[in-house]
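Chemist: What follows is each chain in one-letter form.
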Amino acid sequence: MAKSSPRTGEKIVMVVLFGAAATSVVVTIGIFLALLFPSINFFREINPIDFLTGTRWAPTFADASFGVVPLISGTFWTTLIGLSLAIPIGLASAVYLSEYAPQRIRKILKPVLEILAGIPSVVYGYFALFFVAPFILNDLLGINVGTFSVLSAGLVLGIMIIPTVASLSEDAMSAVPQALRQGSYALGANKMRTTLRVVFPAAISGITASIVLALSRAVGETMIVALAAGTRASVVNDPTDAGQTMTGFIAQTATGESTPGSLTYNTLFAVGLLLFLITLTINIIAGIIVRRIREEY
Amino acid sequence: MEREIPTTPRRIMACEDVNVYYGDFRAVTSVDLTFGKNEITALIGPSGCGKSTLLRSLNRMNDMVLGARVEGSVTFHDQEIYAKEVDPIEVRRRIGMVFQKPNPFPKSIYDNIAYGPKVTGMKVSSMDDLVEEALTRAALWGEVKDKLKQSAYGLSGGQQQRLCIARTIAVNPEVILMDEPCSALDPIATSRIEDLMVELREDYSIIIVTHNMQQAARVADRTAFFTALADEGTGDRTGVLVEYDKTATIFGSPADQRTEDYISGRFG
Amino acid sequence: MEREIPTTPRRIMACEDVNVYYGDFRAVTSVDLTFGKNEITALIGPSGCGKSTLLRSLNRMNDMVLGARVEGSVTFHDQEIYAKEVDPIEVRRRIGMVFQKPNPFPKSIYDNIAYGPKVTGMKVSSMDDLVEEALTRAALWGEVKDKLKQSAYGLSGGQQQRLCIARTIAVNPEVILMDEPCSALDPIATSRIEDLMVELREDYSIIIVTHNMQQAARVADRTAFFTALADEGTGDRTGVLVEYDKTATIFGSPADQRTEDYISGRFG
Amino acid sequence: MATIGALATPPPRALRTAKHGDTSFASIGFLIALWAALAFAVLALVVLLVTSFIDGASRLDGALLTNYTSQVFPETAGARAAILGSAWVISTTALLAIPLGIAAGVYLEEFADNRKWWNKFIETNISNLAAVPAIVYGMLTAGFALAIGMERRIVLAGGIALALLILPVIIISTREALRAVPQEIRQGSIALGATPLQTVWRQTLPSAVPGIATGSILALSRALGEAAPLLLLGGLVFVTYDPNGLFSGFTTLPIQIFNWAGQPQLEFQQVASAAIILMLGLLLIMNALAIFIRNRFQNRW
Amino acid sequence: ACGGDADGGSSDSGSISGEVVSDGSSTVQPLTAAAGELFGSENSGVNVSVGTSGTGGGFEKFCLGETDISNASRPIGDDEIVICEENGIEFTELRVASDALSIVVSQDNEFLECLTTDELATLWGPAAEGTITSWDQVNPEFPAETIELYGPGTDSGTFDYFTDEINGEEGASRSDYNASEDDNVIVQGVSGSEFALGYFGLSYFLENSGSLKTVQVDSGDGCVEPSAETVADDTYTPLGRPLFIYVKNESYADKPQVAAFVDYFVEQSASIAEAAEFIALNDEQQGELEDVLAGLAG
Ligand SMILES: Nc1ncnc2c1ncn2[C@@H]1O[C@H](COP(=O)(O)OP(=O)(O)OP(=O)(O)O)[C@@H](O)[C@H]1O
Ligand SMILES: Nc1ncnc2c1ncn2[C@@H]1O[C@H](COP(=O)(O)OP(=O)(O)OP(=O)(O)O)[C@@H](O)[C@H]1O
Ligand SMILES: [Mg+2]
Ligand SMILES: [Mg+2]
Ligand SMILES: O=P([O-])([O-])[O-]
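Protein chains in written order, with my numbering: chain A, 1 to 297; chain B, 1 to 268; chain C, 1 to 268; chain D, 1 to 301; chain E, 1 to 298.
So that you can see chain A by itself, here it is in the shape it has in the complex:
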């Protein structure tokens, strides 16, 4: 709704509404500044290159070292494992719900799946720690993991983001016009081919968006990795090892000593800034990709 010449009262309301929308920008700027100032102090003391390329992370030890690569490797592995579980399961669930499930079943199953997304991540953390690692991985699958491993944290993280992938992809596929399916059936295509070759490609921008959101969730998830991935900040080469993620470090350190102004405090915010920039970059790139795909057709 563009122009209109509202009365004065309406103009005031409109300004208020605009203000509400603009709050989001204020929040973003706020986040940026809140992270930036302590980070600047951090980088006064620590060379940014060393920070980004160093492979020893021991910021609070006597022999301190600020190479963030171990944390990035931890985040990378938990995210990778989480997505490798969530994308296939989530997409397959979405395809079933959107293309195959009878209306009645869909109405039940979709919300049931969404419950997975709503379960507190603290609960998931203990689930990974007390159930997935000892019983599923060690006993059932015979994969030898310690109590803490990026594998168990990543898998449970994957379970948590299944509904993010499934629900949004399902929305995208359901939004594909019925006319396209009919067109395909009328050419003698069966249901599987129609799904894979017409519906799926037509929904690809929505599906990509769902995966990106799941990716951001995985990168930013804190409690699961803080509880189940371990706290040893070494570069992770083997997913059955323990490791620490960026969020895990923040959570662990912030619960303890984090007096404003201290180097530890600044370190937290430097890692926070890095985390924020990573998710932001992912989203901006994904936004461009999604738009590109959409424009093509």
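The hints are simulated quantities; they were obtained by calculation from the structure and are not laboratory data. Note that CB positions come from ideal geometry on N, CA and C, so glycine has one too. Treat the hints loosely; a few may be bogus.
[Said to hold, decoys possible] List of simulated lysine-lysine pairs, BS3-like, C-alpha gap at most 27 Å:
1) A/191 / B/145
2) C/37 / A/11
3) B/84 / A/191
4) A/11 / B/149
5) A/11 / C/84
6) B/246 / A/191
[Unchecked claim] Heads up, incomplete: computed chain A residues facing chain D, CB under 8 Å, no partners named:
7) 16
8) 17
9) 24
10) 113
11) 115
12) 162
13) 192
14) 239
15) 251
16) 287
17) 290
[What the hints assert, rightly or not] Per the computed footprint, the stretches of chain D lying under chain A, defined by three or more beta-carbons under 8 Å from a beta-carbon of chain A, are:
18) 43-51
19) 90-97
20) 105-113
21) 123-129
22) 157-165
23) 222-228
24) 273-287
Add chains B, C, D and E with the ligands to chain A, keeping to what the hints say.
Modeler: Okay, now just chains B, C, D and E with the ligands, sitting in the frame of chain A:
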């Protein structure tokens, strides 16, 4: 109409006592119709009289509609298409369909045509040739031959509809069903499609639903006029066949008063 | 048509050199039209020729469409409705509109009618009386008087459309614009609406867009025929007024060949 | 060029083939794979619920609701302070985020001219905010509290952090709910002489209420389960009094669970599991409510 | 830190009410929480809140004046004293209980019975980082299996105490171990692997003696088991340690609820330690404690 039309159609498809239900609601009641080979048959009648419903039951597209159910006999080359052992996928390949709103796939023009042959597993010696031929037959080749790799969404409405016809031709059906194929198009695009239908009649049998009586008069060999009556049982309105004859007869000297009222614009 | 129609309309609204743009695209080019008081004026023409666009520019509904822009003069009682000091809200109250698809609000029948008077701040001595009168005028009172508190969605399509007309009448407009008000309705509902329009003509001036030429012939006093031509500047198709005259003249002896072609079903 | 022509009049051929039908081997295999995926997801949920239940069932008692946590008597420790703390924080969150989110959603969906760069910018910005890690909102609030000299571990700070976290979710679901209201309803109202604002207030927004309510409940249930941002605010772990205002210290259920589960005594592990069940129960109720609203009040346009 | 009913009156047992804000050591937290709880059962108007920022984190807040009491598992450091002085915070140190910093391994572990302080230093020293990864590097008699280490994080007083005593410098430690302020994480980690080792306060061991066992420590006078007795008789060296609360003098003087709480804490230190499963002070230590308190009150 300079064309000779046999008194009885050379049957390629037929309906016998066909009733179509949506759940408990009977949308079409007891239709008998014989469709002729290499003819254009038009189905006309006021909105809601079940034309689309009947058309969809001719190639089992109704299977896709929740709650839809067909009773009676629909045959194609004298085979019952609703028989247990019949594969509906094969039915739809051989009885193609073009829809009211052009519905190209969000793919390139080329891929739109190649899609059907690929998914139906047709043995094709040269896909390029097949695409060219289908587009040529749909009178579209000249306009698109330089942009085969571009998205079909860049075409105008009329071009898109011809693309959909080309796509249907590419899987080599015998019958083409069209549900108001021109109602979303402008007059010029409409007349191109009408010309195309007349050409296609040489190789295919065409059944078209149209709201536009002039269109039926212009292109159809035979016309069936439907209307909606109160169902004797439920009182709901249900579609019935009023009259079926050569188009010239339907428009010139209809046997039924309701047909005449409709044709002359007194209702509808 | 037993009715006397003056040669020149008794002007209530008029367009002068009206052009309507969507962004850079000119959808309607240079239209001059005078609408008569207590007359029904029909706008006809093929799809996409800008009928709806022009109609929406008569009560500034286009203000709501992103990118839409009206140039030229549209007057109501000789006042420029696009003048700076004019309140579009007031324009819309005095020039009501009825849409193609019946669009009752998801409220009770009563509240649907009462909505307009409430939001426009009309001083109403008895809302009940006003509701009854609007429904009576829209020939709906008898059918709904016992279920005023029930949801409007329980009504049939035809009843819903009459409810929308009643709702429009309730704010007491002078002109009622209708955009294909019957195209979603069955023939019986259509003929009730047509009867209603003829009745309403006594008190209101009506401008109707229709695809159905028979409908124009049946109800309109005057008919304007539009078509779409290639714009001289851009080459895009743009809507132009071909001919405007008494309905009898347009359908009986049109001055323009294109009108005759359209009327006789040779195109469109 | 004869590919089609030659085939155009084939001899009548049987309509029966199994090769391409929906009963082909590939089709069935595909369907089974889909089922398996969905079964996995549902199974994960069931296992999670069942294991939580087994561990905590013995402590699902009245004391869980009415007692404070206890260092001395872990076997009767309760979540009273955490339940009340969660209630305080979530109410604060709701009061902050819902009106703001709805207002922003209404502006963007109903009034913003999305060709204007600033509106586009706001839109992009909101979708990016939706992906910002929860813990970052905790850092923002901590930084903000520091800047204005506000205490960090109070109800208000927790409410602000969680409100910022769910704000984008509420904006987005408000917009979706508004978008689902057909354009015809707006046009009908405008054509009767209603102002755009009246139209929103009396037609569009009421019609969108079920959708907005559903989205808001789901967002709040997410906030209820969040611990990370509150940890950043130095969330208290041993609270044995009822929070009594916006400036009161507090603990919440997830933080209490986190703390209990970190204690050595078996009794604490049990009460942690019981609190998990309590929280899952709350969550299921909120989800069920959202689904109920979605199904019950969904408008059939 | 909590804006509770600071001035609300209480109905029962006298007139004291208000807040007692404490933070600091996670080792001492159960002790102070137990004290608060026992105290609260007699003085329902008083709210004692107990944070767990770690000893170091607690002192930082304490020296900024944010808390009344700071829990500590090591004595306050010189640099911390400076900050307190800068901010005009005067305080009193009260030793309220004892602890045996315990080295723990899994019940499944069969080769670790006793470690010398030198072996501990080899295992945990900064030089071990990335190099000492297999048990046979610590002692050739141990199996050639990968070492898995768990310990408290750097905010922890336990960490400070351990590194000071074993590695010779506070904060000097290898960093490639699983560090956590949450001692139960250490319990989980160590009990999960027969080649894992960790350290924390004795009470965590006592609660988990089903899945863990302690390693004796040899500081030159033979292997000694950590226990209440060996701590009380000072034979568990160097890892037997005092636990403290630090009280802000101003709070003790101005806030009756703080004074009442601290008095209670000192008087009942034995029963509080018992309730929280800590090692109570011996008589001599209890006497010293009461003297210090008398000085503060006087
Ligand atoms: N999917 C469906 N479910 C239930 N009823 C349906 C469905 N499709 C159509 N109907 C009903 O069946 C009747 C016939 O509809 P159909 O679409 O076949 O009519 P039509 O003659 O094609 O009308 P039109 O000219 O408007 O396209 C109508 O009453 C319609 O409401
Ligand atoms: N909101 C819009 N934005 C951009 N272009 C539009 C918009 N609405 C209509 N148009 C274009 O303006 C031209 C005229 O459209 P309009 O809807 O007025 O035609 P019409 O004569 O009412 O057609 P119909 O009979 O199909 O309703 C068309 O080319 C159409 O594509
Ligand atoms: Mg139809
Ligand atoms: Mg129109
Ligand atoms: O939490 P600490 O007792 O180890 O400081």
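Chemist: Each hint should be assessed against the structure and marked as holding or not.
Modeler: Hints and how they fare:
1. A/191 / B/145: violated (31 Å)
2. C/37 / A/11: The hint is violated at about 36 Å.
3. B/84 / A/191: holds (18 Å)
4. A/11 / B/149: violated (50 Å)
5. A/11 / C/84: holds (17 Å)
6. B/246 / A/191: Outside the cut-off at roughly 39 Å; violated.
7. 16: Holds. Min distance 7 Å.
8. 17: Interface hint status for residue 17 of chain A: holds (4 Å vs cutoff 8 Å).
9. 24: holds (5 Å)
10. 113: holds (6 Å)
11. 115: Holds: closest Cβ of chain D sits about 5 Å from residue 115 of chain A, inside 8 Å.
12. 162: holds (5 Å)
13. 192: holds (5 Å)
14. 239: violated (19 Å)
15. 251: With a minimum Cβ separation of about 6 Å from chain D (threshold 8 Å), the hint on residue 251 of chain A holds.
16. 287: Hint holds; residue 287 of chain A Cβ to chain D Cβ min 7 Å, cut 8 Å.
17. 290: violated (10 Å)
18. 43-51: Coverage by chain A holds for the region 43-51 of chain D (5 residues, Cβ < 8 Å).
19. 90-97: violated (count 0)
20. 105-113: holds (count 7)
21. 123-129: holds (count 6)
22. 157-165: Check failed, 1 qualifying residues.
23. 222-228: Our answer is that it holds, as 6 residues pass the Cβ test (under 8 Å) against chain A, meeting three.
24. 273-287: holds (count 7)
Figure legend: structure checked against the earlier numbered hints; hints not met, in rising order: 1, 2, 4, 6, 14, 17, 19 and 22.
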